[in-house]
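A.B. asks: Protein chains in written order, with this note's numbering: chain P, 486 to 754; chain B, 27 to 291; chain W, 8 to 365.
Everything labelled a hint here was simulated from the structure, so no lab data went into it.
All values derive from a computational prediction rather than experimental measurement.
Each residue gets a CB set at the ideal place from its N, CA and C atoms; glycine is no exception.
Hints should not be assumed to be uniformly reliable.
Partner residues aside, some chain B positions facing chain P, computed with beta carbon under 8 Å [what the hints assert, rightly or not]: (1) ALA137; (2) ARG141; (3) ALA156; (4) ILE235; (5) THR236.
Derived DEER-like restraints, expressed as beta-carbon distance ranges [stated by the list, open to error]: (6) W:ARG80 - B:PHE280: 12 to 20 Å; (7) B:GLY186 - W:ASP349: 51 to 59 Å; (8) B:SER74 - P:ASP723: 53 to 61 Å; (9) B:ALA115 - P:ASP658: 50 to 58 Å; (10) B:ARG60 - P:GLU601: 53 to 61 Å; (11) P:PRO623 - B:GLY243: 21 to 29 Å; (12) W:ARG340 - B:GLY186: 42 to 50 Å; (13) P:ASN657 - B:LEU275: 57 to 65 Å; (14) W:ASN75 - B:LEU150: 46 to 54 Å.
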Amino acid sequence: MTHMRRARGRAAVLSMLAIALLLAGCTANGDAARSPATASAAGTDLNGTVTVFAAASLTDTFTQIADAFEAEHPGVTVALSFGGSSDLATQIVEGAPADVFASANEAQMEVVTDAELAGAPVTFATNVLTVAVPADNPALVTSFADLGNVAVTTVVCAPQVPCGAATRKLENDLGVDIPAVSEENNVTDVLGKVRSGQADAGVVYVTDIARAGGDLAAVPIVGADAAINACPIAPLTDAHNPTAATAFVSYVTGTKGQAVLADAGFGTP
Amino acid sequence: MRGRTSGYVPTWLPPIAVVGALLVLMPLIAMATRVDWANVGSLVTSPSAVAALALSLRTSVAATALCVLLGVPMAVVLARVEFPLKALARTLVLVPLVLPPVVGGLALLYAFGRRGLLGGTLNLLGLDIAFSTTAVVLAQTFVALPFMVLTLESALRAQGSTYEAVASTLGARRGYTFRHVTLPLMWPALVAGTVLCFARALGEFGATITFAGSLEGVTRTVPLEIYLQREVDPDAAVALSLLLIVVALVIVGFAYRHPGSRRVK
Amino acid sequence: MRLQASVTLEERGLDAAVSVKSGRTLALLGPNGSGKSSLLGAIAGVLRPDSGRTTLGDEELFDVSPGNSHWPRPDERLVGLLGQEPMLFPHLSALDNVAFPARARGVSRTEARREALEWLAAVDAESVAQSRPGALSGGQAQRVAIARALAAQPELLLLDEPLAALDVDAAVKIRAVLADVLRDRTAIFATHDVVDASMLADDIAVMHDGRIVESGPTRDVLTRPQHPFTARMAGRGLIRGVRTDAGLELPDGAVVRGMLADDAAVGTDALLTARPAAVELLSRHAGAPGGDSNTITAPVTNVETHAEVLRVWAGGLIADIDLDAARDTALARGDLVTLRVDPVGATIYSNAMSPTSD
Chain P
486 MTHMRRARGR AAVLSMLAIA LLLAGCTANG DAARSPATAS AAGTDLNGTV
536 TVFAAASLTD TFTQIADAFE AEHPGVTVAL SFGGSSDLAT QIVEGAPADV
586 FASANEAQME VVTDAELAGA PVTFATNVLT VAVPADNPAL VTSFADLGNV
636 AVTTVVCAPQ VPCGAATRKL ENDLGVDIPA VSEENNVTDV LGKVRSGQAD
686 AGVVYVTDIA RAGGDLAAVP IVGADAAINA CPIAPLTDAH NPTAATAFVS
736 YVTGTKGQAV LADAGFGTP
Chain B
27 MRGRTSGYVP TWLPPIAVVG ALLVLMPLIA MATRVDWANV GSLVTSPSAV
77 AALALSLRTS VAATALCVLL GVPMAVVLAR VEFPLKALAR TLVLVPLVLP
127 PVVGGLALLY AFGRRGLLGG TLNLLGLDIA FSTTAVVLAQ TFVALPFMVL
177 TLESALRAQG STYEAVASTL GARRGYTFRH VTLPLMWPAL VAGTVLCFAR
227 ALGEFGATIT FAGSLEGVTR TVPLEIYLQR EVDPDAAVAL SLLLIVVALV
277 IVGFAYRHPG SRRVK
Chain W
8 MRLQASVTLE ERGLDAAVSV KSGRTLALLG PNGSGKSSLL GAIAGVLRPD
58 SGRTTLGDEE LFDVSPGNSH WPRPDERLVG LLGQEPMLFP HLSALDNVAF
108 PARARGVSRT EARREALEWL AAVDAESVAQ SRPGALSGGQ AQRVAIARAL
158 AAQPELLLLD EPLAALDVDA AVKIRAVLAD VLRDRTAIFA THDVVDASML
208 ADDIAVMHDG RIVESGPTRD VLTRPQHPFT ARMAGRGLIR GVRTDAGLEL
258 PDGAVVRGML ADDAAVGTDA LLTARPAAVE LLSRHAGAPG GDSNTITAPV
308 TNVETHAEVL RVWAGGLIAD IDLDAARDTA LARGDLVTLR VDPVGATIYS
358 NAMSPTSD
């Protein structure tokens with residue numbers, strides 16, 4: 486009887502243990518992939534891994550910059566994580582192990598600085614709005630004012646998100662009232678609607694069109710400078726690899742980083 | 027009351043069940059800790075929240091009705107009619123289950139969008155569903171339908187067609203048998219399927235945002251409103267999520283109130 | 008209305024033809040798996056055969072043959088099918104189950120229920136009218152199922168082992184109900200039980216491996232079996248030989264006497280049947296058969312316990328010995344035994360299946 490009881494108890498414990506091991510295994514793997522070899526930070530050259538959280542709109546430019554940075558510092562690996570700025574900000578506030586945060590707007594950087602998780606951010610790029618239309622421009626949009634026409638199916642960002650706030654500001658400044666059929670959460674969704682022809686036009690950033698490739702055309706907005714968007718970057722106070730973090734931020738704001746960003750259509754601060 | 031059936035459950039099993047339960051419960055509990063209880067009332071009654079909730083209920087009811095209307099015949103055909111490539115048909119029907127909803131939204135766009143396969147046809151018929159509430163219902167139906175088909179079909183197959191055969195030998199025509207034997211016998215599964223569809227439609231996000239867009243009162247359902255609110259006011263997002271969870275719990279509770287109603291031998 | 012049915016279904020090894028005279032009940036007697044259900048299923052329309060044709064009176068129920076397919080749905084035939092399980096619709100009360108056929112015909116609910124109550128009364132089950140099927144005992148449920156089958160007013164009623172799932176008490180009662188129901192009704196009653204067949208059927212068709220091995224009036228088939236399989240189902244010994252003046256001459260020259268049931272000519276093929284009660288196992292060490300003792304000597308072919316006796320097969324005959332005696336003798340297959348046949352309990356009749364008999 487006791488023997489049986491013990492056997493059963495053991496089975497229960499074993500099953501718990503198995504699950505614990507499974508879970509531990511998951512985290513262990515995750516750590517191995519992310520955790521930098523902090524031990525040998527001595528010496529002048531950098532090493533280890535630097536984890537960079539960057540806005541999705543920076544995917545192409547930051548991949549290029551990271552490659553160049555790694556080439557200059559062979560000891561360093563740059564781990565890039567792209568996402569919506571607000572997603573990334575939430576993750577950082579909830580304790581995600583990042584070394585650098587590059588936001589597509591100041592509002593989300595503020596979320597992180599307000600939580601005292603980042604030092605002084607630096608603006609590394611600016612961006613202005615433009616009108617995106619399908620390559621064949623079916624609604625024959627030629628100006629921002631055309632978007633005030635109900636016959637033009639226009640998609641914008643919701644005023645709650647930065648690109649939408651900027652669009653709203655332009656509407657006010659330029660005296661255009663856009664009867665948008667949809668207020669999207671981000672530029673990607675706006676572009677998706679335009680590219681598929683579902684919408685006749687969308688308001689996005691200049692760099693987004695450059696990124697999106699051939700199916701789209703841009704109709705420049707005269708007076709777009711009224712709503713310039715600034716992209717800030719900052720090393721994080723809880724960085725595992727602070728030296729590499731600072732070095733990466735300097736690289737982005739330096740000549741080489743700025744050249745890559747300018748090529749992609751970003752304005753210089 | 028000593029457990030009458032627990033004697034047949036291996037001892038290693040309940041601990042795993044507990045782990046599973048924790049996996050589900052912990053995030054819910056964690057969310058409850060983040061709720062700004064003092065302001066929940068005003069957060070979920072803001073004009074945008076009310077608009078989203080009204081839209082969600084309207085579209086989910088419509089989508090669920092479509093699921094019943096289309097899902098019952100699909101399940102009956104899959105369970106009872108032999109036809110070539112049936113296994114393939116069954117697999118295809120279930121595709122929306124595995125398809126990431128965003129991809130589902132893209133697929134809907136390619137089919138029913140202005141430049142989609144059927145877009146021209148729909149245009150000729152004077153139907154422009156782009157950025158309309160109809161598009162939301164379509165997206166919700168697309169993702170919810172497999173739940174109905176799956177639930178009903180497995181119930182029908184488990185049931186077998188003996189009762190229908192008996193009805194037939196008693197002189198009942200096929201239509202009468204369907205209405206008075208098949209439907210009543212699959213009633214519990216139909217209720218379960220309906221609830222699943224409604225819940226899935228209510229929670230639908232990816233396909234809607236990709237296919238229908240997001241505009242208050244027209245296409246911005248509660249999940250889309252939550253996603254947007256999260257950008258500016260996480261408290262409002264959490265409060266709305268809480269509301270969605272409460273609605274889900276009420277529905278699930280309703281569905282499983284009579285688990286013993288399947289008295290079919 | 009007379010039923011004539013022939014059905015082949017290769018997948019189940021079925022190749023059988025039966026006919027039932029108007030107003031009579033045919034027992035389809037055979038062990039489980041002999042093809043009875045498949046034959047009934049084809050006639051009812053729930054199982055499509057490879058080929059076959061069935062007529063009920065002047066009407067063709069179905070005709071499936073190469074190049075011809077007349078296969079109406081079950082609801083287009085006037086054939087009722089009652090199975091081993093009652094299969095009452097679980098979502099309807101007993102009364103509404105019985106009212107179902109009338110409702111399906113378009114009769115109003117009130118009228119259908121009134122009729123249903125009459126059918127329930129006919130099977131003595133009005134008391135359970137309001138019960139749900141789940142609350143009924145096996146016997147009650149089968150009564151309701153019978154009432155429901157009758158309520159469809161079939162011109163032909165098929166019963167597939169309707170007593171097999173019932174306990175002994177219930178089976179006795181339902182058998183009485185069926186005896187009443189089947190009177191003057193054209194019906195086929197599939198059963199593996201010779202008692203059911205003898206009590207309920209006017210005629211018997213014996214089914215073996217998908218084929219009808221013999222058929223005829225119940226009494227004839229059961230008391231004068233032609234086929235060894237029928238004899239086995241009926242629990243009788245059967246030996247074949249040649250008719251002599253005195254009885255039956257076996258191939259080894261021995262002659263067994265018995266009651267001469269017909270005036271078959273001497274020298275023709277004939278059969279002798281005897282119940283176990285008319286056969287006595289003399290001894291396992293018997294000598295040569297004596298002329299007057301009416302014995303045969305043969306090796307044991309099978310030994311089985313059967314109720315309270317040990318049943319021994321030898322030379323086609325069956326003898327029962329009580330278990331006490333059996334303990335001492337320890338019989339086994341192949342042991343040579345001598346059996347004495349009581350001439351009064353044995354019947355000799357012509358072998359209708361023999362090519363020389365007609």
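A.B. asks: Give me the numbers of the hints this structure contradicts, sorted from smallest to largest.
C.D. replies: 1, 6, 8, 10, 13
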